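Numbering (my numbering), first residue to last: 31 to 360.
Rather than coming from a laboratory, the hints here were simulated on the basis of the structure. Since the structure is predicted, the reported quantities are computational estimates derived from the model, not experimental observations. Hints are not guaranteed to be accurate.
Once the Cα atoms are required to be at most 30 Å apart in a straight line, the calculated BS3-like pairs of lysine-lysine come out as [claimed, not checked]: (1) 124 to 178; (2) 124 to 149; (3) 93 to 291; (4) 231 to 117; (5) 124 to 175; (6) 178 to 220; (7) 142 to 117; (8) 175 to 186; (9) 142 to 52; (10) 46 to 142; (11) 46 to 220; (12) 178 to 328; (13) 300 to 328.
Using C-beta positions, here's what the derived DEER-type ranges look like [unchecked claim]: (14) 78 to 140: 30 to 36 Å; (15) 181 to 239: 43 to 49 Å; (16) 245 to 189: 17 to 23 Å; (17) 255 to 302: 25 to 31 Å; (18) 113 to 276: 20 to 26 Å; (19) 318 to 87: 35 to 41 Å; (20) 233 to 357: 46 to 52 Å; (21) 318 to 79: 20 to 26 Å; (22) 339 to 294: 31 to 37 Å.
All C-beta atoms in this analysis are idealised placements derived from N, C-alpha and C, irrespective of residue type, glycine included.
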Amino acid sequence: MARKEEPLQMRIGEAKQRDVGKKRARIGPEAMDFLRVTPGDIIEVMGSRTSCAVVWPVDEDEKFPDIIRIDGQTRKNVGGSLNDFVKIRRVTSKFAKAVSLTPVNDSVTVDKEFTDFVKNRLKGLPITHGDEISVMILGNSMDFKITKTSPKGVVKIDRSTNLSISTESTVDRKVRVTYEEVGGLRNEVKAMREIVELPLKHPELFTRLGIEPHSGILLYGPPGCGKTLLAKVMASESEANMFSINGPEIMNKYYGETEAKLREIFKEAKDNSPSIIFIDEIDAIAPKREEAYGDVEKRVVAQLLALMDGLNDRGNVIVLGATNRPDSVD
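Put together the whole structure using the sequences plus the hints.
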């Protein structure tokens, strides 16, 4: 009976941009020696879930020997986030006889040409049952979930693999954007991780310490600076559901309609927590009350404040507001 490889505990780090979507795991020479692996070998990465990746050496300027650098999709497949601990060990892969894929949130028309295209894109990559993988199609990324592999375990697709793609898609409200897709904004991402991602992923810490997490965060800056992208990244990396509200669109001329919509969205977010409610152009629904033109705006501001900071428990829900006019917000 073969001896099972002893796992090594490492800490998750952000992947290099050139490694995104390639199932690479960059580890240091000490870790490679411990696992007895060389570049190109396959390792199993075990967090709250288990996935696999291809071993790749770290850059020469890497300062942290205990870091494993994996991209956002691999982090999602192992159920981990940056700085979480995972265990890794060497595994052997087999060539797959059959693999079944299901599109995520996208319905596709499947024919032999499309199947062969996807198969060529995935050829040589290690995969396991339950993984999500991305395929670039005409410049857009399409996500698939691996619903079946034969044989089980870590497999690779080759020319002889029978690949089948379902025409029905799975529905997932979770946004798919990773830290690697944000250019710059390092300080902002670091701050947002502390005040958004931490309470969403580890609410038990705040409960044990008796600390109330932030109820809302205001993102402000000129159009196109990355406010919406930051909100999407936070929802994706914390595996939270995201509910979007466009300020001007939710306003309604009929009495009580706008407030009712807000209550409904907050209730749905609480029922599907952890959740992030993103309010774009928040200055349209929460202007300064002393400057508001009518009673509608004043009632909406009062309702929003009650939902965010009222006596009723809002659950594991964080509100992000975005505006390019911060001085106009109540």
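Hint check results:
With a CA separation close to 14 Å, the supplied pair residue 124 and residue 178 stays within the 30 Å bound. Under the criterion of a C-alpha separation no larger than 30 Å, the hint pairing residue 124 with residue 149 is consistent with the structure, at around 16 Å. Taking the CA atoms of residue 93 and residue 291, the gap is near 50 Å; set against the 30 Å cutoff, the hint is violated. Between residue 231 and residue 117 the CA atoms are separated by roughly 19 Å; this keeps the pair inside 30 Å, and the hint holds.
For the proposed pair residue 124 and residue 175, the alpha carbon gap of about 19 Å is at most 30 Å, so the pair holds. Proposed proximity of residue 178 and residue 220 is contradicted: the alpha carbons are some 37 Å apart, above 30 Å. Between the alpha carbons of residue 142 and residue 117 the distance comes to roughly 39 Å, so the proposed pair goes past 30 Å and is violated. With a CA separation close to 15 Å, the supplied pair residue 175 and residue 186 stays within the 30 Å bound.
For the hint pairing residue 142 with residue 52, the CA-to-CA distance comes to about 24 Å; that is within 30 Å, so the pair holds. Under the criterion of a C-alpha separation no larger than 30 Å, the hint pairing residue 46 with residue 142 is inconsistent with the structure, at around 34 Å. With a CA separation close to 17 Å, the supplied pair residue 46 and residue 220 stays within the 30 Å bound. With a CA separation close to 54 Å, the supplied pair residue 178 and residue 328 exceeds the 30 Å bound.
Restraint check for residue 300 and residue 328: the C-alpha separation of about 24 Å stays at or below 30 Å, so the hint holds. Distance hint check for residue 78 and residue 140: the Cβ-Cβ separation is about 32 Å, which falls inside the suggested range of 30 to 36 Å. Between residue 181 and residue 239 the Cβ separation comes to about 47 Å, which falls inside the hinted range of 43 to 49 Å. For the hinted restraint 17 to 23 Å between residue 245 and residue 189, the CB-CB distance of approximately 55 Å leaves it violated.
As the Cβ distance of residue 255 to residue 302 is approximately 29 Å, the hint placing it in 25 to 31 Å holds. In this structure the hint that residue 113 and residue 276 lie 20 to 26 Å apart at CB is violated, the actual value being about 34 Å. Our hint of 35 to 41 Å for residue 318 and residue 87 is violated, since their Cβ atoms are close to 56 Å apart. For residue 233 and residue 357, the Cβ-Cβ distance of about 33 Å falls outside the hinted range of 46 to 52 Å, so the restraint is violated.
Between residue 318 and residue 79 the CB atoms are about 47 Å apart, so this pair departs from the stated range of 20 to 26 Å. Distance hint check for residue 339 and residue 294: the Cβ-Cβ separation is about 19 Å, which falls outside the suggested range of 31 to 37 Å.
Of the numbered hints stated above, those contradicted by the structure are hints 3, 6, 7, 10, 12, 16, 18, 19, 20, 21 and 22, listed in ascending order.
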